[in-house]
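A.B. asks: Here are the chains, one letter per residue:
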Amino acid sequence: AQSVTQLGSHVSVSEGALVLLRCNYSSSVPPYLFWYVQYPNQGLQLLLKYTTGATLVKGINGFEAEFKKSETSFHLTKPSAHMSDAAEYFCAVITGGYNKLIFGAGTRLAVHP
Amino acid sequence: EPEVTQTPSHQVTQMGQEVILRCVPISNHLYFYWYRQILGQKVEFLVSFYNNEISEKSEIFDDQFSVERPDGSNFTLKIRSTKLEDSAMYFCASSSQGGMNEQFFGPGTRLTVL
Chain A
1 AQSVTQLGSH
11 VSVSEGALVL
21 LRCNYSSSVP
31 PYLFWYVQYP
41 NQGLQLLLKY
51 TTGATLVKGI
61 NGFEAEFKKS
71 ETSFHLTKPS
81 AHMSDAAEYF
91 CAVITGGYNK
101 LIFGAGTRLA
111 VHP
Chain B
1001 EPEVTQTPSH
1011 QVTQMGQEVI
1021 LRCVPISNHL
1031 YFYWYRQILG
1041 QKVEFLVSFY
1051 NNEISEKSEI
1061 FDDQFSVERP
1071 DGSNFTLKIR
1081 STKLEDSAMY
1091 FCASSSQGGM
1101 NEQFFGPGTR
1111 LTVL
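Those sequence lines, one after another, are chains A and B. Just so you know, this note's numbering puts 19 at position 19 of the first sequence, and the rest follows in order with no gaps. If you want this note's numbering, it's the 1-based position in the second sequence plus 1000.
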């Protein structure tokens, strides 16, 4: 069965610092991987996704993530945090022929001045 | 920019009552989904819907739940007899092609069962 683990339910960084949000997945078949962001009182917005091809994928707002099959990881990074990045971030996976997204528990990112 | 909308934003109901949560997916999308998030827990898949029928459902989606696309624009989730444990944020999503394609999410309906 597929599963997603996000290490760290809360991450706090200074404005301008590196953002690293961790995601590990479990899947017996090649996964499709997603990062979604949720701002307060809003729905889930897609940041980026990996399906096939280049393992480093770039998304919106300066975020990127690298698919590492050997580590079963898909960590999200941003070189320099901005106050507007404060939100909850969800890693998710789709595998096989299924449509359903399997989500991690989420990581709440706080950015302080 | 097209978006998924959901109404109401917050619904309070008494245990045992029926509720209907409404969603308007993006107009040219063909695949529709409901997810829920109990406070402090993961976002969980409930059901997917394509071509006017359920394509997949989770263990959570028991006989108390049903979905319907009553017209060309709305997609509804009905809970027949609500329980306290149904209290959660319910998200509707839609996608144009299913599979690994992006699912666009609505802002959610917060359901509180008293």
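One or more of the hints may lead you astray.
To be verified - Examples of chain A residues toward chain B, derived with CB under 8 Å:
| no. | residue |
| --- | --- |
| 1 | T72 |
| 2 | F90 |
| 3 | K100 |
These are calculated hints, taken from the structure and not from any lab test. Quick caveat, the model's predicted, so the values are computed rather than measured. Each residue gets a CB set at the ideal place from its N, CA and C atoms; glycine is no exception.
A.B. asks: Evaluate each hint against the coordinates.
C.D. replies: To see whether the hints hold, each was checked on the structure:
1. Interface hint status for T72 of chain A: violated, as the beta-carbon distance to the closest one in chain B is roughly 18 Å, over 8 Å.
2. Because the closest C-beta pair between F90 of chain A and chain B is about 6 Å apart, less than 8 Å, the hint holds.
3. Hint status for K100 of chain A: holds, given a least beta-carbon distance of 4 Å to chain B, under 8 Å.
The structure does not agree with numbered hint 1 stated previously, though it agrees with all others.
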